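These protein sequence lines map, in sequence, to chains A and B. Add 2 to a position in the first sequence, counting from 1, and you land on the number used in our numbering. Add 38 to a position in the second sequence, counting from 1, and you land on the number used in our numbering.
No lab work stands behind these hints: they were computed from the structure. Quick caveat: nothing in here was measured; it's all calculated off a predicted structure. Errors might be hidden in some of the hints.
Chain B is faced by these chain A residues, among others (derived, beta-carbon under 10 Å) [as the list claims (entries may be wrong)]:
(1) Ala-14
(2) Leu-23
(3) Ala-28
(4) Asn-29
(5) Trp-36
(6) Lys-42
(7) Asn-45
(8) Ile-49
(9) Gly-51
(10) Gly-56
(11) Met-76
Positions of the beta carbon are idealized from the N, C-alpha and C atoms, including for glycine.
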Amino acid sequence: MLEAKITVTHEAGLQARPAALFVQVANRFTSRIWITKGTKKVNAKSILGVMSLGVVQGDEVTITIDGEDEGTAMFTMKKLIISNFSDIPQNDNFG
Amino acid sequence: MNSVGIDEVAKVLDFEFVYRGDRTDIEVTTSDINRPGLQLAGFFDYFASERIQVLGKTEMTYLEGLKPEIRQDRLCQLLSYDIPCIIISRNMDIPEYLMDCAVRYNRPVFRSRQATTTLISRLTSYLSSALAPRITRHGVLVDVYGAGVFLIGESGIGKSETALELIKRGHRLVADDAVEIKKVAENRLIGEAPELIRHFMEIRGIGIIDIKAMYGVGAVINNKPLDIVIYMENWDNNKEYDRLGLIEEHIEILGVKLPKIVLPVRPGRNLAIIVEVAARNWRLKNMGYHAARELDERLNELIQSNRS
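Okay, chain B solo, but in the shape it has when bound (with noise of 0.2 Å):
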């Protein structure tokens, strides 16, 4: 399972340490909050005890109004659970039996200067990226006219010529050879290069090359959400390729299916061509055109007529 310290957390959004104590291992490992509005009115029953705790006004107001004993009492079991920290918002003070009480569990207090829903949702932005799913895959990620084209297949196959080609041809490259690829949202793959090797290629003859250096700026693109992926393989003569187009093939990486498409391969094929037409033809069908089922269709009309 993936997790984030919660040191990076504060980093990255900026957040304010009120009391860090002494952990250093505290984890965060879920892009869930939780306003302890209910824990602190006694209820602990179902207590999301792994998530961050955010208080709010409304949190703060009602702890203000509690008599001190309660008080105390429902913050120190609030704390005595293993919560990964606590954030206050909208800049608010730290009273004082707060803050005794994060002491004495060594629980982190953060504060922010954000109102709360805005924090909550920049908080489970962040977390959910960096909390997604991710694995490394074999293979090239170019931008092609926007589209974002996974080329994939056995080792001196070609993709990274392939790949050479359409950067010539004004598209982008994100990855050569290996592709981490993230999980953000439940249909939706970012894919990007790892960073030792960001914006570098392999071409067998020449060695390592840097795309940066070579084509500017214009020619590369940090990461890119994955749309198709190309399959390449020998070109095999007793295997039938699609001809049509009306059936779908897929693929699935991280549990997210992709539209595949099996290329075959051989000496003289412009690959380059044909993936710029698969590009363009992927965006024709998510604009709602299908050339083989406009064809097809065609064809069931003249039939039709011919009938009538």
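Just chain A, with the same shape it has in the complex (with noise of 0.2 Å):
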């Protein structure tokens, strides 16, 4: 199980477009995926649940990754958040 504590930079926080993508990202993985803001954790696989912390410009969240493929996916992930959500993994570099 890997875990990082990552800061939010992009303006829209973890809502809409920055949501989506996240979502979307660690679908990709077969590994379980967490978001965790304060005392609430959340499946980052669920936009809802994701929408639901309310991460907005600034919070710190913690991403946790349980599974096969978690070293891939906790440095994608990573990858997407520090990068503004500028830097989208091909689809198909994942099969």
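Each of the two chains sits in its own frame; use the hints to bring them together as a complex.
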């Protein structure tokens, strides 16, 4: 199981397009992925769950990943947030 | 540990601020209340100072009858503890000697119009709910014939689609995707939707839909106790699924045991109907009728009569 803390710098936080992208990318992995803000921990593969956290710009979130492809998943998810959702991995890289 | 600020408590229960002080960080961490009768009599062993202190008519009259020096001494000792606040019931006047001590130790004093016992019972019930342990779980909570059915399973297994079919059949949605579960009593869990996404649903291929706008107010409900958990999983040919329903499986959420049904999913299986049946069956069992056991008994009777 991997865990990492990341600050969301995108101006829309984790709402609308960033949230959709985040969930889409999370769904490409077989590992179970969670995202935590404060005391609330939700499934990162569910758009409503992620949006219910109400993550805004500057919030720190924790990403927890557990499963076979956790290494790649963590690398990709972190890169996505750090690049302000501009670094979108191509679908075919993931089979 | 959960906590609730005293200003929030005062606002919800409509207390009057008599003296607030300047501390903004006071939090209540327990739903227990203390009436400091024994403390006013000078006994401070085992004093539950983390509780809200309620002064009723008895305590106030007792204070009134004490010698001023002793009274001053006891009150100051009481308020020197790190108590969250003092609440005076019955809208009684606050004597100066009490105010002096409150100001000296910077402890808030509130006043309520209610009688002491009513005040305490309202306060306890509000605090137990506000301080209840809580957790957010992935799944869909639906009210089916009055039973709170919590559908869980991997992403994409079809929980939301099943819930949508149930709503179409007249049942009510509580929360989709993320359910906030609160333990309000020893064996009672209440689920609700996080406020931001209340009454919304996500259907793959369509996107976000608003159930209340689409199906009307009768199709949603704000919160609901959890009664049964249905775990949806892909049909596994190598796995034995329950055929009789004599053995009951359970799942534990926040330490509360709930009946759990494992539902294998296969294309063409009408899950909404199966969920409806599960809810009806749960209600029957609750009323004392257990179909699997009933059949079992009939068979036993038949075997017995054949022997004799």
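Consistency of the hints with the structure:
A hinted interface residue such as A:Ala-14 counts as satisfied when its beta carbon comes closer than 10 Å to some beta carbon of chain B; here the least separation is about 14 Å, so the hint is violated. At its closest, the beta carbon of A:Leu-23 sits 14 Å from a beta carbon of chain B; the interface hint therefore is violated under the 10 Å criterion. Among the interface hints, the one on A:Ala-28 holds; its C-beta lies about 9 Å from the nearest C-beta in chain B, closer than the 10 Å criterion. Proximity of A:Asn-29 to chain B holds as hinted, the smallest CB-CB distance being about 7 Å (cut-off 10 Å).
Below 10 Å, beta-carbon pairs count as interface contacts, and A:Trp-36 has one with chain B at about 9 Å; its hint therefore holds. The interface hint given for A:Lys-42 holds, since its Cβ lies 5 Å from the closest Cβ of chain B, which is under the 10 Å cut-off. Here the hint on A:Asn-45 is kept, as its CB sits about 4 Å from the closest CB of chain B, short of 10 Å. With 10 Å as the threshold, the beta carbon of A:Ile-49 comes within range of chain B, its nearest partner Cβ sitting at about 5 Å, so the hint holds.
Annotation: interface hint on A:Gly-51 holds; nearest CB of chain B at approximately 4 Å, less than 10 Å. Hint status for A:Gly-56 relative to chain B: holds, with the closest Cβ pair at about 5 Å, below 10 Å. Below 10 Å, beta-carbon pairs count as interface contacts, and A:Met-76 has none with chain B, the closest being about 18 Å; its hint is therefore violated.
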